[in-house]
Every structure is written in C-alpha cells, then in structure tokens.
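Protein chains in written order, with the numbering used here: chain A, 1 to 397; chain B, 1001 to 1117; chain C, 2001 to 2172.
Treat each hint with caution, since some may be false.
What the hints assert, rightly or not - For lysine-lysine, the following DSBU-like pairs were computed, each having C-alpha atoms within a straight-line distance of at most 30 Å:
no. : chain 1 : residue 1 : chain 2 : residue 2
1   : B       : Lys-1056  : A       : Lys-311
2   : A       : Lys-58    : A       : Lys-90
3   : B       : Lys-1111  : A       : Lys-328
4   : A       : Lys-160   : B       : Lys-1056
5   : A       : Lys-86    : A       : Lys-100
6   : A       : Lys-58    : A       : Lys-86
7   : A       : Lys-90    : A       : Lys-202
8   : B       : Lys-1056  : A       : Lys-385
9   : B       : Lys-1056  : A       : Lys-328
10  : A       : Lys-311   : A       : Lys-160
11  : A       : Lys-311   : A       : Lys-90
12  : B       : Lys-1111  : A       : Lys-86
13  : B       : Lys-1037  : A       : Lys-100
14  : A       : Lys-311   : A       : Lys-328
15  : A       : Lys-202   : A       : Lys-9
16  : B       : Lys-1111  : A       : Lys-100
17  : A       : Lys-58    : A       : Lys-311
18  : B       : Lys-1056  : A       : Lys-86
19  : A       : Lys-100   : B       : Lys-1031
20  : B       : Lys-1031  : A       : Lys-90
21  : B       : Lys-1037  : A       : Lys-385
22  : A       : Lys-86    : A       : Lys-311
23  : B       : Lys-1037  : A       : Lys-160
24  : B       : Lys-1031  : A       : Lys-160
25  : B       : Lys-1037  : A       : Lys-90
Calculated from the structure, these hints are not laboratory results.
Here the structure is a predicted model, which is why all the values come from computation and not from measurement.
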Amino acid sequence: MSFWNDPLKVAADWLLGVFTGWGMPEMAANILIGFLGVLLLITVLMVLDIFLVWIERKVVARFQDRLGPNRVGPFGLIQPFADIIKLIIKEDTTPGGADKVVYNIAPMLSMMSVLILWAIVPLAPTILGVDLNIGALYLIAAGAIGTLSIIMAGWSSNNKFALIGAFRQVAVMVSFEVPMLTMLLIPTIFAGSMGMSTIIEKQDVWYVFLAPLAAVIFLIAAIAELGRAPFDMAEGESELVSGFNIEYSGMKFGMFYAGELLHAFTFGGFLAILFFGGYRFFGLEQVSPFLAIAVIVFKAFIGYWIIMWVKYTLLRIRIDHMLAFNWKFLTPLAFSLLMVVALMNALLANAPIWLYISGMFLSNVAVAWAALEIARSVSRREREKVEGPKQVVEVGH
Amino acid sequence: MSQWIYVGLFFIVGLIIPIGAIGAAWILAPKRPNPIKQTTYECGIETVGDSWVQFKAQYYIFALVFLVFDVETVFLFPWAVKLGQLGLFAVVEGIIFILILVAGLVYTWRKGMLEWA
Amino acid sequence: MTGEQIVFLVVALFTLGSGFMVVTTRNLVHAALWLVSTLFGVAVTYAVLDAAFLAVVQVVVYIGAIAILFIFAVMLTRKDVRDQGPQMNKNWWFGALLAVMTFGGLYFLLQGWSGLSKTAAAIPAGFDAVAELGNELVSPAAYVLPFEVASVLLVAALVGAVYVAFNPRSGK
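The shape of chain A in the complex, shown without the other chains:
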C-alpha cells in the first residue's frame, strides 16, 4: 500500500510506529494520531476559510461590476491576511451591560458548530473523519448548536438590535429546519442509510437526477439555515445594522464572519455529497484519494458559488413573507414530495433502472409543476382580492 493510494493509513501507521517506539501505549497513540489528524484537517479548513474571504469579496465584486480587492499582493491575494492582522490587533470592546461569559462563549460555539460538521464529511473513499450511521441527523444536531450560539450572542449583547436579529434568525432557522430534515430523508430512502459515505457509495446515479426538486428545496433550506440573503433577517443591515453580532468586534466578530463563510462552503459540500455524488466523478476517485479530494472540493465550490450567486442577486425578503413561504409552501411541498418519493420507490422497486430513474425524475417534475400551479392560482386570487379584477390597460391616447 503506497502513500499515493491510501495516504491517511500510511501516515497513521508510520506515526503509530514512531509513538509506540517512544513507549506510548497503543490506545493512547491511536487517540493522539486521531487528534493530530483532526487538527490537520481543521487547520487546513481555517486556511481555506481565510481564502474564502478573498473569494467571497472577489466574486461579489464581479457580480456588482467592480474589481474587488486588488491592491495587496497579486490579485489582492494577501488582502485576507491583512484583514486577519487587523482583526487580531483591533481593540475588542465589550458593551457595558453585556453578560460577559455568555457573550464570550457565543462566537466560539458558532465556529465550533461549523467545524464539527466536517467530522462526517467523506473527502475520499479512505479519507473521512467518522462514518456515523446517523450522519444526516448529525448535520441537524450541529445546526442546533449554531442556533443556540446565535440566540446566546443576541441575548448577551444587551442590545435591542442584537436581540431582535437573534429572534428573527432563530425563528427562520428552526422553521426552515423542517423542509431540510424532510429533504434529508430522500437521499436516506435512496441509499438505505443516513451515513454520508454510504450515501456517496450508493450514488451510481447522482440523486439530483432522481430527485431534482429535493436538491432545490435542500438548497433553499440551507441558505435559510446559513442566514444568507435573501434570508439574512438576522443581519438586515438596513434595519438592524448588523443584527445579532452588532456588539462584537475584533476576532470575536471574525469568528462569526469566518464561521458563516465556512458554513456556506460546508453546505456546498453537503449539497455535493447528498445530491451530486460527493467525491465520485466517473471513477476518478478510484485512481487516487488526492483526485477524490479535488473532485469533492471542486463540487463544494460550485455549491458555494451557487449560494453566493443567490445571495448577491436576490433582495432580502420580509420576515412574515419568509415564514409564510416556509410554512405554507415549502413545508407542504416537502412533505408531498417525500410521500411521492416513498411511494414511487416502493412501486418501482423491481423496475429496470432506466424506468426507475425516469419515473422518479418525472414524478419530481410533476410535483414541482403542481406546486407552482397551485401557488400561482392562489396568488392570483390574493392579488384580485387586493387590487380588484385585472383590467385591460388601454394603450394609446
């Protein structure tokens, strides 16, 4: 077994040899190796996070027809490092009425809730943190800790804007968790497991072809969970200035900001894992784990790019519209889709694969079409109630 084929195992075996050579018990050595591996992964993620700041700024600049950072270093690549130096040496003010302990714990929990998600991300067939067989629920559990950190930050700041922002954000996050949980059930049904690596291994056909509507609903729920535009109620610059993190400055603010970017990238990764085949790409993952990592990172970046695209294209939605959209449209749609998929899965269980795929795809399209038709007729009726029946506008004199 060479380093090219299974780098993690080769490195772990070598380290185990070294550590037991020092007289360390094997159990302790294994835990230490695990710790070093996790530390390596998370350090790489943090470095990536630094560049995500640059990518985000560069991409939003192009969307808005600007150049973005281009002064510090080639293409402004050194800019994020300058930002970090600034964050570190900036004076960290704590508002007088703040609840100090809760105030300081919140940014750490926020970052942690994102980093622990990577425990279940399979980067390659042999490179993964933990193959939990309850992966899909773990994703939601980590999100629960993130929700908690937001309400802690908002409450402990002793600021009206912060508290309002936190309340709104938490209401949105918990509401959109329902369609997200429901959409996590669909890859679970297809794969017969909640484990992320099993879901990838079973994806001979990308699940986005089996359930395109599920992928779309998952993306929408993910954006709401991230608190990004058009669901960025928590920040709402024009009304709440900065929302739940208004009183944070320096590195504590940096933790929220970096956490948000990494969270978005992570959800790009989960979109890739659940619906776009994860590290699989026409057998490329069999060649080398390094190629597999490249594939999944590339897919995660595409997901991240779509999330950015949505963020910088759409306007913020009002909170009542947002919750109504979730509870009156997205949730019933998600449940209908789940029932249809479960039913089709049972009916087509023995059908040939091409029939299974096309049946699933068409049923998804049919559900989406029906939902849009119902939404359209309801909204037409609502409009007529407000404006009166539509009148033909005379053109001319």
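Knowing the structure of chain A, use the given hints to seat chains B and C on it.
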C-alpha cells in the same frame, strides 16, 4: 464508542481553534475601555430603556409548530433507512403518519396561527 | 479503571453539576443555558453507551427545539430575567426528603439487580440499530400502532398549543 472518540476530538479541536484565535487577539489587542466605548451601540443615538423589547408571541408559536415537526421527522428517519427492504405496507404506514401531521399543519393554518399579524 | 469509566465519570459529574446550576442560578436565561449543557451531557452519555441514534436525537430535539422553546418562553414572558423571589419555599424539607427517599429506593432496588456487575455484551458487527428500529416501528408484530399513535399525539399537542394561543378577542 471508538467512533465517538473521534467525534469528541472534533468537538475539542473545534473549540481549541476559536479559543486560540480569540486568545491571540486578547493578548495582542489594545485594551483601553472607557464608558463611552462601552455604551450600547444604537447608531450614535442614546439608548432608551433596557434592551428588553416586547416580542410577538408568534415566535413562540412557530417554535412550537417546529418542535412537533422536528419530533415527527426524527421518527421518520429509521423508517426511511429501512424503506428499501420493506414492502408497500410500510410505505403506506409512513404516509398515514405524515398525513396525520399534515392535518395538524392544516388546522394550525386554518386557525390563522401561521399568520404573522 | 478503564478509559470508558473515566469518560463516564467526567460526563456524569458535568451533567449533575449543570443540573445543579439549573436550579440554583438566579438568572433565568442562564438556567436555560445550564439546562442545555445538562441535556448535552445526557447526549454524551448516550454516545458513550454506543446509542448513536438516541444521542443525536437528544441534541436535535432537546437542544435544537425544546431548549430554544424554553429560551423563547423566558424572554417572551419575563420583563426581568433575574429571579427576585426566594429560592426555597416552606416545603423544601419535604422535597428534600422525597428526593432522598427516591434515591434510596432506587439504590435499594438496583442492589439486587445482576446487571450492575456485568458488562453489556458487545454489539455484534454489522448490527445497524437504526435499521432495526425502522423495522420494528412499521412491522405489524411490533410497534406499528404506537408509531401511528405517536403521530396522533403530536397533532394533539399541536392542536392544544394552538388552542392555548388562540385569542378569541381578536378573532385570530
């Protein structure tokens, strides 16, 4: 349990990194607090009253409705895992389960509890 | 002492300590946050017992939904989150007696139980607890009726909540 050791390691390292970053900032950043700096930020306007504002009870209702559906989907996960090997009967059971809850959602909707106003 | 026992002791102490803080802290939001850490400790205990599904459900439902509901309730109903009243009422001795008696009774009952001195059998390889649970939940020989009743119970809870929140004056 061995799996959970690694999950635990992720929790520990996931806390160490932000503590390290905030700790570094705590060591390096200047600390010159004064009463004006520490006032609550409200766009430069003096704060009126305390930060407690009357919230709409609606937030609570949404959290309650969410709780019900959260528990429901948790029940559905074991069902979904096994669905491939089970027959049509299990699917119908699951659908009945969902439909009962959708009826609850419809009731909440009809009662106007999903309205913001 | 094995590593597992050390982990269990640390987690148990953490859980009990958090639980103690829940009832003694005067700040209601702090009490809710200590409750979160208690519930998290319970989740870690499940994880130590290899009950992965229960551990994650504990976090999803209790921390993700119920704790949030608690915090919302505290923030919505109280103008001042600090509890001003006395922390003990005059029945404290009766409560303490009841607690000691419950503990003693449980201790007495469990002394004769053989399970305490045995280690649990290891879970066989390839045993998927979640799939088994799914199987049991929908098979007519096992828990299909409780499964459906659970759904009715959830709807009843929802209807009850809506009824309580229903304000007849505004007609909404």
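Cross-check of the supplied hints:
| no. | hint | verdict |
| --- | --- | --- |
| 1 | B/Lys-1056 x A/Lys-311 | 28 Å, holds |
| 2 | A/Lys-58 x A/Lys-90 | 24 Å, holds |
| 3 | B/Lys-1111 x A/Lys-328 | 13 Å, holds |
| 4 | A/Lys-160 x B/Lys-1056 | 14 Å, holds |
| 5 | A/Lys-86 x A/Lys-100 | 23 Å, holds |
| 6 | A/Lys-58 x A/Lys-86 | 19 Å, holds |
| 7 | A/Lys-90 x A/Lys-202 | 49 Å, violated |
| 8 | B/Lys-1056 x A/Lys-385 | 27 Å, holds |
| 9 | B/Lys-1056 x A/Lys-328 | 20 Å, holds |
| 10 | A/Lys-311 x A/Lys-160 | 26 Å, holds |
| 11 | A/Lys-311 x A/Lys-90 | 28 Å, holds |
| 12 | B/Lys-1111 x A/Lys-86 | 53 Å, violated |
| 13 | B/Lys-1037 x A/Lys-100 | 16 Å, holds |
| 14 | A/Lys-311 x A/Lys-328 | 23 Å, holds |
| 15 | A/Lys-202 x A/Lys-9 | 24 Å, holds |
| 16 | B/Lys-1111 x A/Lys-100 | 42 Å, violated |
| 17 | A/Lys-58 x A/Lys-311 | 14 Å, holds |
| 18 | B/Lys-1056 x A/Lys-86 | 39 Å, violated |
| 19 | A/Lys-100 x B/Lys-1031 | 15 Å, holds |
| 20 | B/Lys-1031 x A/Lys-90 | 9 Å, holds |
| 21 | B/Lys-1037 x A/Lys-385 | 52 Å, violated |
| 22 | A/Lys-86 x A/Lys-311 | 26 Å, holds |
| 23 | B/Lys-1037 x A/Lys-160 | 17 Å, holds |
| 24 | B/Lys-1031 x A/Lys-160 | 25 Å, holds |
| 25 | B/Lys-1037 x A/Lys-90 | 14 Å, holds |
Against the hints set out earlier in the document, violations occur for numbers 7, 12, 16, 18 and 21.
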